[in-house]
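Peer 1: Chains as they are written, first to last, in this note's numbering: chain A, 39 to 323; chain B, 44 to 284.
In case anyone wonders, no lab produced these hints; they're calculated from the structure.
None of the values given here were measured: they were computed from a predicted structure.
Be aware that one or more of the hints could be misleading.
Listed next, the in silico DSS-like pairs over lysine-lysine satisfying Cα-Cα at most 30 Å (straight line) [to be verified]:
(1) A:Lys243 / A:Lys123
(2) B:Lys214 / A:Lys198
(3) A:Lys123 / A:Lys198
(4) A:Lys323 / A:Lys268
(5) A:Lys198 / A:Lys186
(6) A:Lys208 / B:Lys214
(7) B:Lys214 / A:Lys123
(8) A:Lys243 / A:Lys178
(9) A:Lys243 / A:Lys296
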Amino acid sequence: MKRRFCFWLIVLLGISIADLSRAETTLEKIDKSGTLIIGTRTGSPPFAYVNKNNEWVGFSIDLVEKAILPVLNKKLNKQIKLEKKESAPQTRIPLLQSNAVDLIAETMTDTQSRRDNVDFSLTFFVTGAQFLVKKGGAIKGIQTIAGKRIAAQQGSTNAKIIRERVPSAKLLEFPDQPAAFQALAQGQVQGYTNDGIQLAGLKAKAPKPDDWAVVGEFFSYEPYGIAMRKNDSDFRQAVNVGLMDALASNLYFEIYDKWFGPKGEVPYPLLPETKRFLQMQVVPK
Amino acid sequence: MNYQLNWSILWSGQTGGWLLNGLLTTLEISSLAWLLALTLGNVAGALRTAPIPPFRWLASAYVEFFRNVPLLVWMFFWYFGMPPLLPQALQDWLLDHGAEFWAGVCALGVYHGARFSEVIRSGIQSIPKTQFEAAHSTGLTVWQTYRLIIVPIALRLIIPPATNETLNLIKNSSVALTIGVAELTFQTRQIETYTAKAFEALAAGTVVYLVLCLAISTLMAVVERRVAIPGMIAQGNASEF
Numbered sequence: 039m040k041r042r043f044c045f046w047l048i049v050l051l052g053i054s055i056a057d058l059s060r061a062e063t064t065l066e067k068i069d070k071s072g073t074l075i076i077g078t079r080t081g082s083p084p085f086a087y088v089n090k091n092n093e094w095v096g097f098s099i100d101l102v103e104k105a106i107l108p109v110l111n112k113k114l115n116k117q118i119k120l121e122k123k124e125s126a127p128q129t130r131i132p133l134l135q136s137n138a139v140d141l142i143a144e145t146m147t148d149t150q151s152r153r154d155n156v157d158f159s160l161t162f163f164v165t166g167a168q169f170l171v172k173k174g175g176a177i178k179g180i181q182t183i184a185g186k187r188i189a190a191q192q193g194s195t196n197a198k199i200i201r202e203r204v205p206s207a208k209l210l211e212f213p214d215q216p217a218a219f220q221a222l223a224q225g226q227v228q229g230y231t232n233d234g235i236q237l238a239g240l241k242a243k244a245p246k247p248d249d250w251a252v253v254g255e256f257f258s259y260e261p262y263g264i265a266m267r268k269n270d271s272d273f274r275q276a277v278n279v280g281l282m283d284a285l286a287s288n289l290y291f292e293i294y295d296k297w298f299g300p301k302g303e304v305p306y307p308l309l310p311e312t313k314r315f316l317q318m319q320v321v322p323k
Numbered sequence: 044m045n046y047q048l049n050w051s052i053l054w055s056g057q058t059g060g061w062l063l064n065g066l067l068t069t070l071e072i073s074s075l076a077w078l079l080a081l082t083l084g085n086v087a088g089a090l091r092t093a094p095i096p097p098f099r100w101l102a103s104a105y106v107e108f109f110r111n112v113p114l115l116v117w118m119f120f121w122y123f124g125m126p127p128l129l130p131q132a133l134q135d136w137l138l139d140h141g142a143e144f145w146a147g148v149c150a151l152g153v154y155h156g157a158r159f160s161e162v163i164r165s166g167i168q169s170i171p172k173t174q175f176e177a178a179h180s181t182g183l184t185v186w187q188t189y190r191l192i193i194v195p196i197a198l199r200l201i202i203p204p205a206t207n208e209t210l211n212l213i214k215n216s217s218v219a220l221t222i223g224v225a226e227l228t229f230q231t232r233q234i235e236t237y238t239a240k241a242f243e244a245l246a247a248g249t250v251v252y253l254v255l256c257l258a259i260s261t262l263m264a265v266v267e268r269r270v271a272i273p274g275m276i277a278q279g280n281a282s283e284f
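Sequences and hints are given; from them, build the entire structure.
Peer 2: So this is what it looks like as structure tokens:
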């Protein structure tokens, strides 16, 4: 009885894995369905979030809509629709690998270990990890968190760094941004670590932004990229061409200004060296 | 687009230790919550059948309130809503000593206590009225009747549904990851973060839950056979499964 059960379990597992290896390129899939399905976030302002008017918007979504979609339209010679699905750090790679989404456009850091499993586009944003604290709190940066209760987002690169560099900090990991912020607001933790830009976004969206401060030097390097299924270079090329055209034609900087400019959702000036780095990724036509 | 399965990530490096830690935390939170649930369930279940109306109302209020609100909401309530009601010193002490774990125990225990109480009530109500009358006629008080006759029989009757509730409780303990408790599901996600191998990590978690729950249902089946009162409960062939 037990042996037979094990047998069926293995068969079931085998079927589900065989299913993953269906050979159809992403471009063929998009051509057939007429839809580009992206995995993105609902709670990461201003990259991808649901705004006051209940619209699902953000910087990452704008890049896909205004820079990448036109390239696909031209390439496939039809009007491609955009469909958004919620993704989280734990679900985004499985979502890609199971063909549920075609790309991940949110706040995903390009890392070497992730590149073993997915391919990344050019870097479209650069930031680093910092801390969000109540104004005047004891935490001033990663040097001052020993023994403190620190919240992090589960599945983020920041949690990994803290665990390795300051093992004495009491790290509490929450599945999403709102829960981590709630824990900070209630005093369950004394600081919340995430990428600086996301903390700035959270602060700007808080009921009383002046109560909060983003502190500390960057203690990590977080280049954001768009993730795609591995070994699908035609699709990756289309995505990269979209990003390069946007960087070369100023479209990227218009979108940047809309979200991070002085009148944007989260004012975050683009450093000259960052701008130069982004532009130098553009290769000649 | 081939996905390369790499099972060795499950025992190389720290991942094996994480899975074990996760399993231990799941066992800890589940067993403490189970004790709490059983205590609350027994009291509330017995009170709901008591011949004194205010007791019945009180127990009904508890059951209906706690079982009809999602467990996730209770997790947030015990973790975010409860501490501010405590004195500052106790609050700080709790936060430094795993407040999320105790909040998880309370949320799971109180929620499942409400569900357990319904199981126990149905056990008590399935006992023939003549048992109550016989107990009364031998001079036992209401309290003695419940303690010595009714509840011991009811507990034997409800082993199959109680096993069900226990397994549910163990699996529901994964909801505690929303408040940062590093239990088994949390650790499988952790492995996925570090290795980017989601399928292997989830498969490992699935197998551990399956083995754990199978072990418990087997154990409960043994208990059921051991404590059965000969001739009292129709056993049939049910215990052979």
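Peer 1: Determine for every hint whether it applies to the structure shown.
Peer 2: Here is how each hint holds up against the structure:
Note on Lys243 of chain A and Lys123 of chain A: the hinted pairing holds, with a Cα-Cα distance of about 22 Å set against a maximum of 30 Å. For the given pair, Lys214 of chain B sits about 27 Å from Lys198 of chain A by alpha-carbon distance, which is consistent with the 30 Å threshold. The suggested pairing of Lys123 of chain A with Lys198 of chain A holds, with an alpha-carbon distance near 26 Å, which does not exceed 30 Å. For the proposed pair Lys323 of chain A and Lys268 of chain A, the alpha carbon gap of about 24 Å is at most 30 Å, so the pair holds.
Taken as a hint, the Lys198 of chain A and Lys186 of chain A pair is honoured in the structure, with Cα atoms around 16 Å apart against an allowance of 30 Å. For the proposed pair Lys208 of chain A and Lys214 of chain B, the alpha carbon gap of about 26 Å is at most 30 Å, so the pair holds. This hinted pair checks out: Lys214 of chain B and Lys123 of chain A have alpha carbons roughly 27 Å apart, not beyond 30 Å. For a cut-off of 30 Å, the pair hint linking Lys243 of chain A to Lys178 of chain A stands: about 22 Å separates their Cα positions.
A distance of roughly 16 Å separates the Cα atoms of Lys243 of chain A and Lys296 of chain A; the hinted pair therefore holds under the 30 Å criterion.
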